[in-house]
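All chains should be modelled from the sequences, with the hints used to inform the complete structure.
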Amino acid sequence: MSKSVGRNAGVLTIVMLGILIVGQGHSSLYATAITVGLYALLGVPLGLIYGCGGVLSLAQAAFAAIGGYASALLFSHYHLPPEATLLPAIIVPALFAYVVSRPILRLPEMSMALATLALGLLVEVVFSSSGGLTGGYEGVTGLPPIPIVGNSRVGVLLLVWSAVIICVYCYDAFRTSARGRALIAIHVDRLLAESVGIPVARELSLLFAITAGISGFVGWLYAHYLGYIGPGSLNVHLSANLLFMVVVGGRKYSLGPVLGAAFFVFAGDWLPGSAQAHGMVFGALIVLVLLLVPEGLLSLVQSRFRWKRVASRPIPQSSQLSPEQSL
Amino acid sequence: MKIAARDLAVRFGGITALDGVDFELNRGEIVGLIGPNGAGKTTLFNCITGVVAPNAGSVVVDGADISNHRFDLRVHLGISRTFQTPRVNAHGTVLEAVMLGFNPIVKKPLFGSFFGSRSVRKAEADMESRAHNLISELGITTDPTKRAGDLSLGALRLVEVARALAAGPHYLLLDEPAAGIDENDQGVLANVIRKAAKDGIGVLIVEHNVPFVADLCGRLIALVQGRIAASGEPSGVLSDPHFVRAYLGDSNAG
Numbered sequence: 001m002s003k004s005v006g007r008n009a010g011v012l013t014i015v016m017l018g019i020l021i022v023g024q025g026h027s028s029l030y031a032t033a034i035t036v037g038l039y040a041l042l043g044v045p046l047g048l049i050y051g052c053g054g055v056l057s058l059a060q061a062a063f064a065a066i067g068g069y070a071s072a073l074l075f076s077h078y079h080l081p082p083e084a085t086l087l088p089a090i091i092v093p094a095l096f097a098y099v100v101s102r103p104i105l106r107l108p109e110m111s112m113a114l115a116t117l118a119l120g121l122l123v124e125v126v127f128s129s130s131g132g133l134t135g136g137y138e139g140v141t142g143l144p145p146i147p148i149v150g151n152s153r154v155g156v157l158l159l160v161w162s163a164v165i166i167c168v169y170c171y172d173a174f175r176t177s178a179r180g181r182a183l184i185a186i187h188v189d190r191l192l193a194e195s196v197g198i199p200v201a202r203e204l205s206l207l208f209a210i211t212a213g214i215s216g217f218v219g220w221l222y223a224h225y226l227g228y229i230g231p232g233s234l235n236v237h238l239s240a241n242l243l244f245m246v247v248v249g250g251r252k253y254s255l256g257p258v259l260g261a262a263f264f265v266f267a268g269d270w271l272p273g274s275a276q277a278h279g280m281v282f283g284a285l286i287v288l289v290l291l292l293v294p295e296g297l298l299s300l301v302q303s304r305f306r307w308k309r310v311a312s313r314p315i316p317q318s319s320q321l322s323p324e325q326s327l
Numbered sequence: 001m002k003i004a005a006r007d008l009a010v011r012f013g014g015i016t017a018l019d020g021v022d023f024e025l026n027r028g029e030i031v032g033l034i035g036p037n038g039a040g041k042t043t044l045f046n047c048i049t050g051v052v053a054p055n056a057g058s059v060v061v062d063g064a065d066i067s068n069h070r071f072d073l074r075v076h077l078g079i080s081r082t083f084q085t086p087r088v089n090a091h092g093t094v095l096e097a098v099m100l101g102f103n104p105i106v107k108k109p110l111f112g113s114f115f116g117s118r119s120v121r122k123a124e125a126d127m128e129s130r131a132h133n134l135i136s137e138l139g140i141t142t143d144p145t146k147r148a149g150d151l152s153l154g155a156l157r158l159v160e161v162a163r164a165l166a167a168g169p170h171y172l173l174l175d176e177p178a179a180g181i182d183e184n185d186q187g188v189l190a191n192v193i194r195k196a197a198k199d200g201i202g203v204l205i206v207e208h209n210v211p212f213v214a215d216l217c218g219r220l221i222a223l224v225q226g227r228i229a230a231s232g233e234p235s236g237v238l239s240d241p242h243f244v245r246a247y248l249g250d251s252n253a254g
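Keeping their order, the protein sequence lines are chains Z and F. In case it helps, my numbering puts the first sequence at residues 1 to 327. In case it helps, my numbering puts the second sequence at residues 1 to 254.
Please keep in mind that the hints were generated in silico from the structure rather than gathered at the bench. Since the structure is predicted, the reported quantities are computational estimates derived from the model, not experimental observations. Just so it is clear, CB atoms sit at the ideal spot from N, CA and C, and this is done for glycine as well. Misleading hints may appear alongside valid ones.
[To be verified] Some chain F residues close to chain Z (C-beta under 8 Å, calculated; not the full set): (1) Val-52; (2) Arg-87; (3) Asn-89; (4) Gly-101; (5) Phe-115; (6) Val-120; (7) His-132; (8) Leu-134; (9) Leu-138.
[As the list claims (entries may be wrong)] In the DSS-like style, the derived pairs of lysine-lysine whose C-alpha atoms are separated by at most 30 Å in a straight line are: (10) F/Lys-107 - F/Lys-122; (11) F/Lys-2 - F/Lys-122; (12) Z/Lys-252 - F/Lys-195; (13) Z/Lys-252 - F/Lys-198; (14) F/Lys-107 - F/Lys-198; (15) F/Lys-2 - F/Lys-146; (16) F/Lys-122 - F/Lys-108; (17) Z/Lys-252 - F/Lys-108; (18) F/Lys-195 - F/Lys-107; (19) F/Lys-146 - F/Lys-122; (20) F/Lys-107 - Z/Lys-252; (21) F/Lys-108 - F/Lys-146.
[Unchecked claim] Label-pair ranges, simulated between beta-carbon atoms: (22) F/Asp-199 - Z/Ile-91: 42 to 50 Å; (23) F/Lys-107 - Z/Ser-162: 46 to 54 Å; (24) Z/Leu-285 - F/Asp-65: 56 to 64 Å; (25) Z/Ser-111 - F/Gly-20: 20 to 28 Å; (26) F/Ser-67 - Z/Pro-147: 53 to 61 Å; (27) F/Ala-53 - Z/Leu-206: 42 to 50 Å; (28) Z/Asn-151 - F/His-132: 51 to 59 Å; (29) F/Gly-14 - Z/Arg-106: 50 to 58 Å.
Written out as structure tokens, the structure reads:
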């Protein structure tokens, strides 16, 4: 089991190198790959807490916005360089998430989604209506580029994708650890988790805060990559789209959200019509995926490897089993 | 060293589930808790494990009052339990289900878990072999790589007992462990329980299968309508007229 931990991260490293080589001839590929990487960096942690832990969050983009704004405001008000604002950009959303998570994570999945949706909307409203403090609807412009890599597209690409690769590796390592088993147990049955001594509320809050911290890092990357952040950049729409990527790609696989992000970005580029029209197509698509491959697109690939061992047999409820049924 | 509950009372709305129950469980003894449906067996059980908070009375474990301890903290004090309807991750393997039981005694460093540190990987391999040992020690013949969702109810109950024992408890509380399982599995289960008691673990069994507990337990407690109707040696309790009337009805037709 532990030998395969690095496999997905390895696959992704090869993909990144492939993009670097192919992108030499097609310069627009770099920009697309950076967008995919940023979405994946938000999606992989969401995939972990949603796919393994059942935490349905529609606030991930809001946490990214908090991180991005933290950095932007520290720059515009106190002239702090991005090097100095990196830590606050991660810690502020993480702390915020930790504090608000206690009441939210106690709710059932659907109510949790609504509560985090409200949270996301609230954050958006605060940033857009705080006037001079946050730049209101216009946001903050003229932010300095990301340190070290600067304005180099290849540099940004390497940075973002390295972060995605690390996230994927951590996801796989975590899931096969005792803590990962604890998270899955929480999802399966909270009473079961508590019976083996797992402090459910604390564990979920902690993981939620970590995903918020990573989101904050994405916000920081985003703000300094584009040199701009506004209330519309990392909004509730993006949070919903992230959930789309996670579900379509495969919420139970570390690479699922990455595949979902790539699918989302490329489909958005190729589909004709406006973004509103795309929303319709994506909506229809998510229904199709949930009906046909509920475990996501990646399950099509994975099941080819494991087809014989785990035939897609329905799981019998334990209470319905008779003693004779030993198979 | 014992669990001692004093004067426990639990009310759900207007219903009195437990009404002034005193209860003791010493390490190394096997106690059966019997009674008709709705007598308060599971409520007493849940009070001790912390799923239900009592309205009055106290639960003391090894001298420490734990009446207000959260459920997840009690396993750290050496109280392990199983459930009436087995609770497992149906998609996980038998081995993983048992390994979950090691949770209270294994170190789970946050960063080590995310980055697959050497100590975490070593602890993981350690746990895996200990889980294998535990499964074979208990005489469980189920293939550890099997999916838990594919198991029979009897095998599932045994896996739950193994998971409860993995934490190295001082007290093991079993909620209807013999319900709905065949005689072969019941035999394995009885052996597991006897072995646990011999190792110094106090075992409490809530059970409808009276012959099973009568054979296994040194002491029986009969609950009727939230009160203790009879307690003591199995033969004495089962012939106690007060209990027999409550359990089998006045006509004794059953």
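Of the hints stated earlier, which fail here?
1, 7, 8, 9, 11, 12, 13, 15, 23, 25, 27, 29
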